[in-house]
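Those sequence lines, one after another, are chains A and B.
So the number in the numbering used here is just where the residue sits in the first sequence, counting from 1, plus 56.
So the number in the numbering used here is just where the residue sits in the second sequence, counting from 1, plus 3.
What the hints contain is simulated information worked out from the structure, not anything from laboratory work.
Just so you know, not all the hints are guaranteed correct.
Cβ pair distances, simulated, as ranges [unchecked claim]:
hint, chain 1, residue 1, chain 2, residue 2, range
1, B, F63, A, Q136, 18 to 24 Å
2, A, R94, B, T115, 18 to 24 Å
3, A, E123, B, L85, 39 to 45 Å
4, A, P95, B, R70, 44 to 50 Å
5, A, I103, B, N82, 33 to 39 Å
6, A, H131, B, N82, 29 to 35 Å
7, B, G6, A, Q136, 21 to 27 Å
For glycine and all other residues, C-beta sits at the position ideal for the given N, C-alpha and C.
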Amino acid sequence: GQQVMQIPQYQHVQEGEDFTTYCNSSTTLSNIQWYKQRPGGHPVFLIQLVKSGEVKKQKRLTFQFGEAKKNSSLHITATQTTDVGTYFCATGNQFYFGTGTSLTVIP
Amino acid sequence: DAGVTQSPTHLIKTRGQHVTLRCSPISGHKSVSWYQQVLGQGPQFIFQYYEKEERGRGNFPDRFSARQFPNYSSELNVNALLLGDSALYLCASSPPGGLGSPLHFGNGTRLTVT
């Protein structure tokens with residue numbers, strides 16, 4: 057099955073700094089979805105990317121799908137304490153989740 | 004509108020016992036998926052059901068089984084519990100739409116096996 061790896065596993069940033077997490081696969085992906093899980097909570101859907109080179113923005117969040125559809129990234133500009141949580145990529149028919157990147161924002 | 008509801012929220016079982024977890028999807032959602040999430044890891048796919056039929060199965064032993072009822076609610080059963088089955092079990096429903104329909108997760112059932 058499809059496997060996706062995420063880096064980094066953990067990231068600590070000062071509030072106001074930028075943050076980026078990467079999702080990588082050795083195979084071509086049909087789609088990428090991104091989810092956010094707050095501490096003690098459940099994953100919440102953020103966005104889906106399906107086209108090669110696609111870029112989507114949600115306020116301070118920018119999502120990108122690689123040209124070869126083998127990688128994706130999530131970039132947060134000027135992090136806030138509300139951004140704290142673990143960010144997961146997922147692919148396929150929602151079957152395969154990445155390992156996640158845990159974001160800590162230091163006020 | 005009510006979200007995905009799961010019961011119970013917490014459960015403590017002893018090795019060798021069996022457990023049944025329940026899930027009610029969002030109204031109108033016909034697909035239900037089950038995931039196991041161990042602390043510090045991403046959700047691992049267990050099963051997906053659509054219109055009462057199994058549409059996918061992850062790499063879990065036969066001790067794990069599930070079913071979906073006519074009202075689209077679902078049960079996950081785990082037999083002969085092992086310590087390693089301790090995890091957060093998440094249920095997710097998704098609307099019709101094929102590939103890429105977003106998953107709507109419930110709050111999960113925290114299972115502890117002692």
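### Query
Are there hints from earlier that the structure breaks, and if so, what are their numbers?
As far as the earlier hints go, 1, 4 and 6 are violated by this structure, in ascending order.
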